[in-house]
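As they're listed, the protein sequences go chains R and G.
Just so it is clear: in the first sequence, position 150 is 150 by the numbering used here, and no numbers are missing.
Just so it is clear: in the second sequence, position 26 is 1026 by the numbering used here, and no numbers are missing.
A couple of the hints might just be wrong.
Distance ranges between label pairs, derived from CB positions [said to hold, decoys possible]:
#1 R1032/G / G184/R: 40 to 46 Å
#2 K1035/G / P136/R: 18 to 24 Å
#3 P171/R / R1032/G: 39 to 45 Å
#4 V197/R / G1022/G: 17 to 23 Å
Some chain R residues judged to face chain G by a derived CB distance under 8 Å, without partners named [stated by the list, open to error]:
#5 G35
#6 A36
#7 A37
#8 R39
#9 I40
#10 T89
#11 V93
#12 R100
#13 M213
#14 D216
#15 L220
#16 L227
Worth flagging that the hints you see were computed from the coordinates, not collected in a lab.
Since this is a predicted model, take the numbers as computed values, not measurements.
Glycine residues also receive a C-beta, built at the ideal position from the N, C-alpha and C atoms.
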Amino acid sequence: MRDKIFYGLSAATALLLIRNLYMIFMVLPDELNQGAAYRIFYFHVPSAMLGMSGIGIALIFSVLYLITKDFRWDSIAAGITEVSMVFCTMFLVTGSLWGRIAWGVWWAWDPRLTSALVLWLIGSGYLMLRRAIDEPTTRARLSAVLSIFGSVNSYIVWKSIEWYRTQHPQPVLSIRNGGGMAPGMEATMYWNLLALVMLGVLLVMIHMRQETMSRDVEALRRYAHAL
Amino acid sequence: MDQTNYSFMFYGFAAAWIIVVGYLVLLGLRERKLKQQLEQVKALIATDSPSRSRIS
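Bound conformation, chain G alone:
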């Protein structure tokens, strides 16, 4: 491979992959946060429901 502008080719590919991998990491973190929120709110409902049903 010709070495002319080789570093710019490297930067270009590195940038493209960093953007894709960065987005995948973002999606992973978001999914983890959503799963935690879902578990928390489910636990909240589970603890709330019996006491409410006793009151009513």
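Chain R extracted, bound-state conformation:
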């Protein structure tokens, strides 16, 4: 049953991504000032939303682990954080490329970019911590605590364009009271957000299966030593 869901979701994600790429390259017009490069937004914005919200969602599962000590919650939190890091990397890289066009520089130390970099560093720290600690209980507890710091920072990244006057654009999408995009362009943005959410769910499912396998290996090793 789980395999069927996985393969069904994979097929749906692939089809939706193909549909979105067709819309982005073949249907939607160019932007007046940025030309073709504005299309970077169709991956930059959804990946930023997923990267930030993913680390926020991981907080819920980290707290659930701290309350229940059930490793299933730790697995989900680890999976979501790792996949969120993929999206964080994507939005930092694509944002830097867009910044080179729009601002003439690859990077600016403004609050949005700096807090996003700090988020990426916290996420990297989380992943390194998990690799460094072998004992599952200690690893899960410390990871959960670090996840809380990450989620606080993800909220700062999210709100930074409202709290500060940043070089980064103010909210563009209408769901954040932006209204800076044509309706057809904005709809494609949401469709690509959906496609990336589906991709993210698939990646988290793969990661969770690997976490379970990893714990099985550790448990069997302990059993083998005890023999």
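Once you've looked at the hints, dock chain G against the given chain R.
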């Protein structure tokens, strides 16, 4: 399509897909390693268990 900044659009999409594909490759390699480890430790237990049971 307007050719203005076309190369940057290409770099942006290439970067996004390289990151996703790179992560998928990483997951694939990790899964293969875990499967090998699981088989090794299962084989170790299987070879260890009969001898132990004979001793006891």
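For each hint, the structure was consulted:
Between R1032/G and G184/R the Cβ separation comes to about 43 Å, which falls inside the hinted range of 40 to 46 Å. The given range of 18 to 24 Å is respected by K1035/G and P136/R, whose C-beta atoms sit roughly 20 Å from each other. For the pair P171/R and R1032/G, the supplied restraint of 39 to 45 Å holds, since their beta-carbon distance comes to about 43 Å. The given range of 17 to 23 Å is respected by V197/R and G1022/G, whose C-beta atoms sit roughly 20 Å from each other.
For G35/R, the suggested interface contact is upheld, since its CB lies about 3 Å from the closest CB of chain G, less than 8 Å. Because the beta carbon of A36/R sits about 4 Å from the nearest beta carbon in chain G, less than 8 Å, this interface hint is met. Interface hint status for A37/R: upheld, as the beta-carbon distance to the closest one in chain G is roughly 4 Å, under 8 Å. A cut of 8 Å between beta carbons decides the hint on R39/R: the least distance to chain G is about 5 Å, and the hint holds.
Among the interface hints, the one on I40/R holds; its C-beta lies about 4 Å from the nearest C-beta in chain G, closer than the 8 Å criterion. Because the closest C-beta pair between T89/R and chain G is about 5 Å apart, less than 8 Å, the hint holds. Hint status for V93/R relative to chain G: holds, with the closest Cβ pair at about 5 Å, below 8 Å. For R100/R, the shortest C-beta to C-beta distance to chain G is roughly 7 Å, which falls under 8 Å, so the interface hint holds.
Hint status for M213/R: holds, given a least beta-carbon distance of 5 Å to chain G, under 8 Å. Taking 8 Å as the C-beta cut-off, the interface hint given for D216/R holds, the closest approach to chain G being about 6 Å. Evaluation of the L220/R hint against chain G yields a held restraint, the C-beta minimum of about 4 Å falling below 8 Å. Taking 8 Å as the C-beta cut-off, the interface hint given for L227/R holds, the closest approach to chain G being about 5 Å.
Figure legend: structure checked against the earlier numbered hints; every hint is met.
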